[in-house]
Every structure is written in structure tokens, then in C-alpha cells.
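Protein chains in written order, with the UniProt record's numbering: chain A, 1 to 258; chain B, 1 to 258; chain C, 1 to 258; chain D, 1 to 258.
Accuracy of the hints is not assured; some may be wrong.
Claimed, not checked - Here are the computed lysine-lysine pairs in the DSS-like style, where the Cα-Cα straight-line distance is at most 27 Å: (1) D/Lys-180 / A/Lys-126; (2) D/Lys-126 / C/Lys-108; (3) C/Lys-119 / C/Lys-108; (4) D/Lys-108 / C/Lys-23; (5) B/Lys-108 / C/Lys-180; (6) D/Lys-108 / A/Lys-180; (7) B/Lys-126 / A/Lys-237; (8) D/Lys-180 / A/Lys-108; (9) B/Lys-237 / B/Lys-180; (10) D/Lys-67 / B/Lys-237; (11) D/Lys-237 / D/Lys-180; (12) C/Lys-23 / B/Lys-119; (13) D/Lys-119 / A/Lys-119; (14) B/Lys-5 / B/Lys-237; (15) B/Lys-126 / C/Lys-180; (16) D/Lys-108 / A/Lys-119; (17) C/Lys-23 / C/Lys-67; (18) D/Lys-119 / C/Lys-23; (19) B/Lys-180 / C/Lys-108; (20) A/Lys-23 / B/Lys-67; (21) B/Lys-119 / C/Lys-67; (22) D/Lys-119 / D/Lys-180; (23) D/Lys-23 / A/Lys-119; (24) D/Lys-5 / A/Lys-108; (25) D/Lys-67 / D/Lys-5; (26) B/Lys-180 / D/Lys-244; (27) A/Lys-180 / A/Lys-5; (28) C/Lys-237 / B/Lys-119; (29) C/Lys-67 / B/Lys-108; (30) C/Lys-23 / C/Lys-108; (31) D/Lys-23 / C/Lys-237; (32) C/Lys-67 / C/Lys-119.
What the hints assert, rightly or not - Just some of the chain C residues that point at chain B, by a computed CB distance under 7 Å: (33) Ile-63; (34) Thr-66; (35) Gly-105; (36) Glu-107; (37) Phe-111; (38) Asp-113; (39) Glu-115; (40) Lys-119.
Because the hints were derived from the structure by calculation, they are not lab data. Don't be surprised by glycine CBs; every beta carbon is placed ideally from N, CA and C.
There are 4 protein chains.
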Amino acid sequence: MAEDKLVIAGREFNSRLMVGTGKYASFPQMAQALEASGAEIVTVAVRRVNISDRSQESLLDYIDPTKYTLLPNTAGCYTADDAVRTCRLAREAGLSDFVKLEVLGDEKTLFPDNEELLKAAAILIKDGFTVLPYCSDDVILCRKLEDLGCAAVMPLGAPIGSGLGIRNPYNIRIIMENVKVPVIVDAGVGSASDAAIAMELGCDGVLMNTAIAGAQDPIAMAEAMNLAVRAGRLSYKAGRIPRKLYANASSPLDGMIG
Amino acid sequence: MAEDKLVIAGREFNSRLMVGTGKYASFPQMAQALEASGAEIVTVAVRRVNISDRSQESLLDYIDPTKYTLLPNTAGCYTADDAVRTCRLAREAGLSDFVKLEVLGDEKTLFPDNEELLKAAAILIKDGFTVLPYCSDDVILCRKLEDLGCAAVMPLGAPIGSGLGIRNPYNIRIIMENVKVPVIVDAGVGSASDAAIAMELGCDGVLMNTAIAGAQDPIAMAEAMNLAVRAGRLSYKAGRIPRKLYANASSPLDGMIG
Amino acid sequence: MAEDKLVIAGREFNSRLMVGTGKYASFPQMAQALEASGAEIVTVAVRRVNISDRSQESLLDYIDPTKYTLLPNTAGCYTADDAVRTCRLAREAGLSDFVKLEVLGDEKTLFPDNEELLKAAAILIKDGFTVLPYCSDDVILCRKLEDLGCAAVMPLGAPIGSGLGIRNPYNIRIIMENVKVPVIVDAGVGSASDAAIAMELGCDGVLMNTAIAGAQDPIAMAEAMNLAVRAGRLSYKAGRIPRKLYANASSPLDGMIG
Amino acid sequence: MAEDKLVIAGREFNSRLMVGTGKYASFPQMAQALEASGAEIVTVAVRRVNISDRSQESLLDYIDPTKYTLLPNTAGCYTADDAVRTCRLAREAGLSDFVKLEVLGDEKTLFPDNEELLKAAAILIKDGFTVLPYCSDDVILCRKLEDLGCAAVMPLGAPIGSGLGIRNPYNIRIIMENVKVPVIVDAGVGSASDAAIAMELGCDGVLMNTAIAGAQDPIAMAEAMNLAVRAGRLSYKAGRIPRKLYANASSPLDGMIG
Numbered sequence: 001m002a003e004d005k006l007v008i009a010g011r012e013f014n015s016r017l018m019v020g021t022g023k024y025a026s027f028p029q030m031a032q033a034l035e036a037s038g039a040e041i042v043t044v045a046v047r048r049v050n051i052s053d054r055s056q057e058s059l060l061d062y063i064d065p066t067k068y069t070l071l072p073n074t075a076g077c078y079t080a081d082d083a084v085r086t087c088r089l090a091r092e093a094g095l096s097d098f099v100k101l102e103v104l105g106d107e108k109t110l111f112p113d114n115e116e117l118l119k120a121a122a123i124l125i126k127d128g129f130t131v132l133p134y135c136s137d138d139v140i141l142c143r144k145l146e147d148l149g150c151a152a153v154m155p156l157g158a159p160i161g162s163g164l165g166i167r168n169p170y171n172i173r174i175i176m177e178n179v180k181v182p183v184i185v186d187a188g189v190g191s192a193s194d195a196a197i198a199m200e201l202g203c204d205g206v207l208m209n210t211a212i213a214g215a216q217d218p219i220a221m222a223e224a225m226n227l228a229v230r231a232g233r234l235s236y237k238a239g240r241i242p243r244k245l246y247a248n249a250s251s252p253l254d255g256m257i258g
Numbered sequence: 001m002a003e004d005k006l007v008i009a010g011r012e013f014n015s016r017l018m019v020g021t022g023k024y025a026s027f028p029q030m031a032q033a034l035e036a037s038g039a040e041i042v043t044v045a046v047r048r049v050n051i052s053d054r055s056q057e058s059l060l061d062y063i064d065p066t067k068y069t070l071l072p073n074t075a076g077c078y079t080a081d082d083a084v085r086t087c088r089l090a091r092e093a094g095l096s097d098f099v100k101l102e103v104l105g106d107e108k109t110l111f112p113d114n115e116e117l118l119k120a121a122a123i124l125i126k127d128g129f130t131v132l133p134y135c136s137d138d139v140i141l142c143r144k145l146e147d148l149g150c151a152a153v154m155p156l157g158a159p160i161g162s163g164l165g166i167r168n169p170y171n172i173r174i175i176m177e178n179v180k181v182p183v184i185v186d187a188g189v190g191s192a193s194d195a196a197i198a199m200e201l202g203c204d205g206v207l208m209n210t211a212i213a214g215a216q217d218p219i220a221m222a223e224a225m226n227l228a229v230r231a232g233r234l235s236y237k238a239g240r241i242p243r244k245l246y247a248n249a250s251s252p253l254d255g256m257i258g
Numbered sequence: 001m002a003e004d005k006l007v008i009a010g011r012e013f014n015s016r017l018m019v020g021t022g023k024y025a026s027f028p029q030m031a032q033a034l035e036a037s038g039a040e041i042v043t044v045a046v047r048r049v050n051i052s053d054r055s056q057e058s059l060l061d062y063i064d065p066t067k068y069t070l071l072p073n074t075a076g077c078y079t080a081d082d083a084v085r086t087c088r089l090a091r092e093a094g095l096s097d098f099v100k101l102e103v104l105g106d107e108k109t110l111f112p113d114n115e116e117l118l119k120a121a122a123i124l125i126k127d128g129f130t131v132l133p134y135c136s137d138d139v140i141l142c143r144k145l146e147d148l149g150c151a152a153v154m155p156l157g158a159p160i161g162s163g164l165g166i167r168n169p170y171n172i173r174i175i176m177e178n179v180k181v182p183v184i185v186d187a188g189v190g191s192a193s194d195a196a197i198a199m200e201l202g203c204d205g206v207l208m209n210t211a212i213a214g215a216q217d218p219i220a221m222a223e224a225m226n227l228a229v230r231a232g233r234l235s236y237k238a239g240r241i242p243r244k245l246y247a248n249a250s251s252p253l254d255g256m257i258g
Numbered sequence: 001m002a003e004d005k006l007v008i009a010g011r012e013f014n015s016r017l018m019v020g021t022g023k024y025a026s027f028p029q030m031a032q033a034l035e036a037s038g039a040e041i042v043t044v045a046v047r048r049v050n051i052s053d054r055s056q057e058s059l060l061d062y063i064d065p066t067k068y069t070l071l072p073n074t075a076g077c078y079t080a081d082d083a084v085r086t087c088r089l090a091r092e093a094g095l096s097d098f099v100k101l102e103v104l105g106d107e108k109t110l111f112p113d114n115e116e117l118l119k120a121a122a123i124l125i126k127d128g129f130t131v132l133p134y135c136s137d138d139v140i141l142c143r144k145l146e147d148l149g150c151a152a153v154m155p156l157g158a159p160i161g162s163g164l165g166i167r168n169p170y171n172i173r174i175i176m177e178n179v180k181v182p183v184i185v186d187a188g189v190g191s192a193s194d195a196a197i198a199m200e201l202g203c204d205g206v207l208m209n210t211a212i213a214g215a216q217d218p219i220a221m222a223e224a225m226n227l228a229v230r231a232g233r234l235s236y237k238a239g240r241i242p243r244k245l246y247a248n249a250s251s252p253l254d255g256m257i258g
């Protein structure tokens, strides 16, 4: 399994867990959680980084750039324009041109606005950005994002911060059958088993923030997620036994029970 | 978390994963899978061990008794008498008086015969055995087994070898609320996420055989299960975020959606 | 479909919905709910009927015996002896020798004590009763009850009054494959869709009480259940379309997603 | 409950079940199924109606326009232009300006292309059509459709013809919380219980075709769906009992089990 790397836009990663940096009690707690998670890709909300004034303490001071790949995100943007502007700002400040593109539809549910997302993705890709879009679990949308040149698609498992897990594994499965870029489940994971399920579906990776930062013990949960993503990936690659009504049943389940 | 040991009948274990030894392609493959699983407790079907003639190769030759706690089981027994006799035979052969008690109801579904199980457990406990019974996910039964003096209860997650995962987490939850001995989910696990789910429910351990031995790559699956059980336990102890319809919903889900 | 009758112990019924008579705000409300439900079999707790003194108002005054088949039940009995005694009392009072046998394991969860149930069933059947036992969703137990001579088996869908629906349709399915007497899901139903699901699994009938009596509008819920049981039965007999990942998928689902 | 009417764009309907007219073995079979379903709104694919040559037999000959509200749909359209043109054609032919708008993303999965859907909806509404759009279960999209002036939103329960039921009831719930126009679940229903579940979620109606036309006995399934939709609606209005781990549990479920 030594060769089982995640490849996004030509870059290789050993860990398939990506983590956010928001909602921690403190920067040191965040740094410890990142460490425990084993993540190599770390997302940072451009709006939360004090780009103009680097004299103040910043969460970037707690993320070793030689150890983590920084993935600036456009959290808090509600239009294509806004998201595009934010990405350009991040690039000018030297952050990265690898971006996680979020265009949210409202402040309450935090669901993506996929129409604006498509507009923003088209502009940013022409602009030379490597775009990883947070989107609905919609295969037609994912294929459009791929066709535009996105480096991956990041369908949600459930609403951001909901902890509901992957509400529609069927949709995720259909997306995987129909796009060639990596499929990263982004948002919705609540517990270790949720992360394992994502990986067992065959997803290329999982991105989460609240599940770790909001746990009672974020460091322990980060370690749990680290183990769970590896467990799920191994379980997927190892080839599980078929589901049957009982072991001696002559055929696998045929979806006869919903 | 250093102190988070599994304690059964006064014995301490670091691993919460217990594994069977049947259905492997070869004894060496089995030995490798045991190693990869990190298990400390290993069940062995008394009927499959050549107790009388130790000159022939035996699976026991592949299980280092200084490394693993051997747990003889009564697989293949369909009456209390049969199971009791098998346990006594095992003890006389010097195997152990720590036993996993199985009394099956039929050869097709491999569900337990709980009426016979209760009879056998009563006899064996009087006989000085430490009894871990494989049983239905039935709280009244589990409490009776506890009252008889069983050292743990081992309710099934789903039929043996079915790979269906924990079909009724509600029943497992109710059992945990109502017994004080360790609750080990035995049978039904198919993938790493199933094992993680068992642990996240708060179970004390998980026992499996087919999920590992029947996987296309049993060694990789054994490692997956090793990671998954640790992930699930850590996730349980770390205190997960509440499930909500969306992050800003004012209250957690109230079971409004089935 | 004119011939699709439910037959229990040689008696024919047009309705596959059986209802209880407890927990209503008043007897008249109960009578209206019975009417709306279309049920032909109505269970009555022997302990709640004032058998000795018929001068006082009784729920029996509100149930027309020419319209409903009365099914006395042993609610509130916690031992075989107690249940047997209660059935004999009912018979002596002229209630019926058709009985719904309940032997509960505790007052909190109301799960059956299946060990005591088997004892009571054996005695009552020898005594000439027609026994319909409320039991766990355990195929081995159900077969034993059938072998004893029970006229039907009544596995629970979920704990009495829980409203959780059929928690383990797999178990119900396995029971139906393995017994020949009618299988009636008893307990757990919360809404109309739960009742429909029971019937779509191929069950012969559904018994419920709290779901109707505890609804905000019991009469409307009784009507909903009436329609739902007929809908589910028709849906089962009509032969549903196979489940597929999408319509043009080449094969039905293979249980690949849990 | 006499007043419990479905109101769409000012028109009142007694039935909350809408049905399609494709995939039947014959027109007479279709006519019988429509009758058994009790539906008042019937969708017709404009492309399947021979609009130009009315001398030939047409499915319209089998649908009594005094009994059913005809809802022309744009099945088979893959772009906004195509869908708009099809609606105009239907209007010119005197069919209706009440339209079910479908813009599909591909021929394999039959998922909607929501980007094209928004374009088509905007044009058609300006053009004076009353638009009922088939769309993803995406709250942001549904709100945009409502803002454009759609008379209802018709999120899918699962892919067309899949029979998977409502794969993501959480999304449907969130949509209902956030739009004011009627929410009709369109596509995915496979059995009567699926239809009942849709109604119990509080949806205003259900639209289906394959579930009925593809059943082994379409007439019986149509009747099952008729009953199921009424059962589910009544169950929703009657106020179900709360879900609890068991009846005496002190609090309802808190989403603690996924």
C-alpha cells in the first residue's frame, strides 16, 4: 500500500484527511490538533488571516509551511465576485494559488450556491488558480466543475457543522462513477465512523473542521479521525465481504430492504 | 487515554478488538492477520483443534500463547449439553476455562438459541468457567446472563458472516444502559466503519472473524479493523459534536426524521 | 385481491391491522378510533377489565362483540405463571380462548422475557388456548413458538410505545422465511409509513396501540393506519420496481451501500 | 380534514398524488392506473404527444380533460433552450401553460441540470407560464426557483426510476423550512411506504411514474399509492408520537444514534 498516494493537480499527499483551522479554543490547541490529525493539507479562511498587517499574531504563525500545504478558502463569500476577489487577495499576499472555493448560499444553512460557484470557478481557473470547489452532492454539477478544469470536486456529506455524516452515499457513489478528478467529501462528518464510511465509499479524501474543533477533546478527536481515514481507506482497498441476509444465503442482498 | 483498558473478569487488555481464527486460506495467513489486527484475545473453535492428537499440525502452533489470550469457543454446538461437554473437553486438554459460549439455533442462519444458551451458561458458571456468551441483542436476555455470572455479554450486531454491520444500534444502546459487565459486539461486522460504529456506541469491544478472513486481502483488513476499533473508541471518548439539521439550528435533532 | 384474507387458526379476517385499547383519553374516543382503524381484532388487557364486577362501566361496553374479535392479552404479567393464570381467568370469565400472550421482562423497557414466554406458551397450548405470542425478532425463538403450536408469531418492530418503527427489517425477513404461521409485527410502529413498511416486508399483519392512542388526533391516526396497512399490503402484492442506483443502471443494487 | 386541499398557483386539488403517463404496457392500462391512483394532476411528455397530427391515436385520447389537470412536461430536454421551445410548442398546441419543467443533465442518471433549469425557469415565467420545476434537493436552488416565481418546487427524492425512496429526508426538511411555495417530491419513490414517508415529512405532494407503471401490477400499485399518500398526509396532520429509545425513556431521541 506504499503507493497509495492522494494526487491533486500533480501534487502527492500521504494523508487523505484535510482539516480546517477555525473554531478552536486557541491557536496552540489548533496546532496540536493538526499534528494529531496527520493532515498534510490545511485550509485557512482568507478572511480570518490578517493579510495586510503581519505584525499581529496570526493563525499562520501556528502552521509550519514546510510541514503543511496551506489551502486558502473563501469562507464567508456569498457571490462569485466576492469569492474571486478573495482568492486574488490571497494570491497577492503570497498565500497560494491552490484554493478551496466556497460560495455560500445563505448564512443559516451554509449550503453552497452552486450557480455562483460555477461562475467563480470559471473565472479563477482562467486566472491560473488551482480550484477545489465545495459543492452539493450533484453529479451534473460535479461534472461541470471538472469540465471547467477544477482539480478535484468536494461534495458535501451533510451541511457544514451538522455532524450528520454522509446523508446520501448513493449520490457520492454516482459522482465517483462519473468524474475522473479526485472526490473529496467536504462537510458533514461528525464522528470517526463517518470518516471511515466516506473512505469506504471509495472517496479520495475527507475534509473536516467542526467535527474536530467542536469535539469535547479536539486533540483526541483529531487522532480518531487520523486513524479512521486510514482504516476506511484500507478497508476499501482490502475488499470487504459481501452483505448477505445471513452467511449461508445463496446470493448477496439485492437491495430488497431499504 | 493511557488508562483506557478493557477489563474482563479481572484481566486487563489494551486492545478492544477480538478476532477468530477460522476461514483463513492457511495458518500462516491467519498468523499474519492476527498480528496485523493487534488483537490480544483470539477465539479458537474447540472442535477444530485436534486436542487428542497433538502430533499433527494444529492452528494452535500458529498462535503464540505468551502473546495472545486464547478464548476457546463452542462453535458448532446446537444444545446446552453439547456446549457444556465441549467446554469441559477444552479445559481437560488444558486450553482455558475462559470460554466463549455459543449455542446455535440452526445451521443456516447461525443465530443463537438463547434458551439453550441460558442453560449452558448456568451449568458452566457453576462449574467454574468464565463465560462470555454470544447472544441476541436482547436486553432481558443479557441481564439474565449477567445475573447468572457471565463475565461479559456478546450480543450480535447481525448474523454471523452476514457483513451487515450493527443492524439495531438501539438495542445495543439499551443493553449498555442495563448491564454492568462489558458489552462486546460479536458477529455482523463487515467493514472498518462497522467496527468504528460499535465502539462509538460505547461498546467495550468487538469480536469478528469473517470480516477479516473473508476479505480479499485479510492482512490489510485486519490492519483496517485494528485502526477502526481504536478510532471508534477515541471518537467515543473524545465527545462528538451533536447532530443538527444544520450548524446554526437552535436545537439538536429530536429524532424527527427516522 | 378479493381473496387476500388474513387467516389465523382457521379464522378469516379482512383487515390486517389489529389495535389495542389502552391509553385513550376516554372510552368513546377509543370506540371512534377502533371504528376509524377498520380493525377486526382488538386486544384488551385482561387486568384492565373488571371481570368480577360487571355492574361498573367497562371498556368492554364500548366494543361491539359482533363486530370485533376480542383478543385478551396478558399485559402486566412478568412471569409464565402470572400469564397463565391471567389467561385462565379470562377464559373463565367467558372472554375468549384466543389470547395474545405477553410476558414482559421489565417495567422500564417492556421487552419480552422470551424464556418465560416459551414456558407459558407450552402450558397454554396444552390447555387448549389459541396463543399469539408477543416476542423478540428472533428467528430461533419464533420457530420454537411455532413448534409449540402457536397460531402466529408477533415479533416486535421496536420497544412498546417507542415509535421507532421496524428497527431490524432483516430479522423480520429472516423470520418470514423460516416460519409458516402468520407473522404479525407487534409494537414499535409510530407512523403510517412504519405500518406500510411492515406490510411491504410481507408481514401478515400489524398490531399497534400507542401509535394511535398517543397521537395528537387518535381518530385521524387510526384512519391513517387503516389506509397505510392496506397501502403496504397492496404495494407488496403489486410487485415493486427493483431498487437501482439510477434507472439505467445495468443491475439492481447489490447491497453495496449500507 | 375536509379543508386540507393542495393549492398550486391558485388552483385547488383534493389529491396530493400526481402521476406520469409513460412506460405503461398500453394506453388502456395507463387509463386504469390513473383512475386507481385518484390523481387529479397528470403529467404528459410533450415530446411523446403527436401535437401536429391529431388524426393518429394519442395518449391524450385516454385522459379525460374534464377529470384531470394536464401538466405537460419537458422530458427529454437537455438545455434551457430546448425546454423553453418545448413549452412554447405545447402552449401553441393548446395543451396548457401550466408546465412541469425538466432540464436533464445526462441520459444515464437523469439528474437535473440545475444551472440550465434556472435559465429556463426565468424565461418561461417572463413568458407567462406557470412553472413547476423538477430539481435537486438543494435548498439554495429551491429558494432561487421560488424567487424567480415558480409555482412550486419539485425536488427529487432519488434518481428518476431508481425506486430508492427519499434518500435525503434532511434536505427535504430544510427545503420545507425555507420556501413558501408547495414542495412536491418528484422522482425516486418505489413503494407505498416511500410515498407515505414523503407526506409524513410534510411535503405538499408526491409525483411518480415508474413506481406505478413499472410495477408488476400497475393498477394495484396505483391504488396502493393512492392510499399511501392519503395515509401519510393524515399521519402527518394527526401528530405522531415522539420517537423514544423505549416508552418510559425520559426524553425523546436526541439524534444520538445515526
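Discussion item. Under the constraints set out in the numbered hints, which ones does this structure not fulfil?
Written reply: Checked against the structure, the hints that fail are numbers 1, 2, 4, 7, 10, 12, 15, 18, 20, 21, 23, 24, 28, 29, 32, 33, 34, 36, 40, while the rest are satisfied.
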